[in-house]
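Trainee: Spelled out, the chains give:
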Amino acid sequence: MQAHHARALLLLALTAGFGYLAGRDFGSMHRPDRIIPGSGVTQQTTLSRYSPHLLGASGETPVYILEGKKPGGTLAILGGVHPNEAAGFLSCAVIVEHAAVLQGRLIVIPQASWGGYTCTDPMEAYPQQYAIPLGEGERTFRYGSRGMNPVDQWPDPLVYLHYPSGQQLSGIETRNLNRCFPGRPDGTYTERVAHAIQQMLQSEDVDIAVDLHEAAPEYPVINTIVAHERGMEIAASAVLSLELEDLQYTLERSPVRFRGLSHREWGDATDAYAFLMETGNIMQGRLRGATSPELLLTGVDPMYLKAARIGMVKIPYDSTGVPLNVRVGRHLQGLRALVEGYNALHPERPIGITQLPSYAECVTSGIGAFLNAPEADPSSTSGEDQ
Amino acid sequence: MLAVLHWIYIGIVALVALVVLAEIFRERAWYHQLAYALILLPLVLRVLHIK
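Protein chains in written order, with the numbering used here: chain D, 1 to 386; chain F, 1 to 51.
Wrong hints could be hidden among the right ones.
[Claimed, not checked] Simulated crosslink set (EDC-like; lysine to aspartate or glutamate; CA at most 16 Å straight-line):
#: 1; chain 1: F; residue 1: LYS51; chain 2: D; residue 2: GLU252
#: 2; chain 1: D; residue 1: LYS314; chain 2: D; residue 2: GLU252
#: 3; chain 1: D; residue 1: LYS314; chain 2: D; residue 2: GLU218
#: 4; chain 1: D; residue 1: LYS306; chain 2: D; residue 2: ASP318
#: 5; chain 1: D; residue 1: LYS70; chain 2: D; residue 2: ASP318
#: 6; chain 1: D; residue 1: LYS306; chain 2: D; residue 2: GLU252
#: 7; chain 1: F; residue 1: LYS51; chain 2: D; residue 2: ASP121
#: 8; chain 1: F; residue 1: LYS51; chain 2: D; residue 2: ASP156
[As the list claims (entries may be wrong)] So these bits of chain F aren't anywhere near chain D, every CB distance computed over 10 Å:
#: 9; residue: LEU5
#: 10; residue: GLY11
#: 11; residue: ALA14
#: 12; residue: VAL19
#: 13; residue: LEU34
#: 14; residue: VAL44
It is worth saying that the hints were derived from the structure and are not from the lab. Using N, Cα and C, we set each Cβ at its ideal position, and we do this for glycine too.
I would like the entire structure built from these sequences, with the hints used as guidance.
Mentor: Below, the structure written as structure tokens:
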């Protein structure tokens, strides 16, 4: 055997070794996050129930239903439409694990872009996981990608054509769930997920649907409730109510000509009042320094302190940062305010939620206080999370 | 149609991986061989739908 052939075999062995290590690391992102449903959950299903086109695909995300004893309205809450916006997912996790419904129904999809949780965004230095401290121990969750995993949908087109409007966007948006509504049953993987969500809203006769997001602190639409025009009255009432609790929100009307967004397409195609809420996530900011799980939890970044001093940040920002507890608290308080607004408008079909942590409780106790310990999970055999 | 496009893409990646593999054995300079090995890694992960 010649020397360069022997060297080639050695290099191939090294490649296989590195491939195995990298594959194991990427593979760890496919292990689902554990959500430990609380006593308020009355039914658990998956998204393919609403669209058989998702059956067996990696869009099979869990759906939790919390039903009260008295009939009433139905509220749908989506987190994880963008899996790099952790507060939306964690708000849903807190609801599933802690809240209960007295009247009406709550349908919660904590990880709407299931496929986006199996990878992170390239060039962002995002951690693959982060831990939420509990009273004792911690719970670990994946930090995902804004778009679906390219493994499930590739190649991206140069220009993404939204269905059915034909609106043109950058090719990468073809894997962004919040540009693909209303979707179609035989479309791309992302369009099929969008279609299933749209079907869920219709078939479950949802009255009010809320999509939970986060955004970079320099993004103008932040600490905001975006409302479809049919829901402006409810949203305005919610913003006023939140202002009275010293939580500042702006109210944005859903743009009519920007297609594919949840609040626009849900509001147009279903009977639901459609809303989207944004909080400020430093991890998504373009001005941030070192990117770590601590930054996600604390929201404290020295670069943003400098940016805030020269007025480049669209939210109040000081050395206390924007911790995850604050962001989840804002979402939960915002949901509470929207439900109150809806109930005032529809007393004949109200929604009654109990044990929903308030903003103050999230900030003072931390969201870990409202997540179940792993031993509370009847499916758990080891007692360890993940 | 979309699934066909995907598998055409995977086919192209597999073909390029095979060409790179052949080049590792044909090449005599170690640094070129090392470069080919580095190039091969993501191609294999892509074909196997790992990354």
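Trainee: Would you mind marking each hint as holding or not holding in the structure?
Mentor: Here's how the hints hold up against the structure:
1. LYS51(F) to GLU252(D): 38 Å, violated
2. LYS314(D) to GLU252(D): Roughly 15 Å separates the two Cα atoms, so the pair holds.
3. LYS314(D) to GLU218(D): 5 Å, holds
4. LYS306(D) to ASP318(D): 10 Å, holds
5. LYS70(D) to ASP318(D): With Cα atoms ~45 Å apart, LYS70(D) and ASP318(D) exceed 16 Å; violated.
6. LYS306(D) to GLU252(D): 28 Å, violated
7. LYS51(F) to ASP121(D): Status holds; Cα separation ~12 Å.
8. LYS51(F) to ASP156(D): Judged against 16 Å, a Cα distance of about 15 Å means the pair holds.
9. LEU5: It is violated; LEU5(F) is separated from chain D by about 7 Å at its closest Cβ, not greater than 10 Å.
10. GLY11: Holds: least Cβ distance 12 Å, greater than 10 Å.
11. ALA14: With a cut-off of 10 Å, ALA14(F) remains clear of chain D, as the shortest Cβ separation is near 14 Å.
12. VAL19: 14 Å, holds
13. LEU34: 6 Å, violated
14. VAL44: 6 Å, violated
The structure shown violates the earlier hints numbered 1, 5, 6, 9, 13 and 14.
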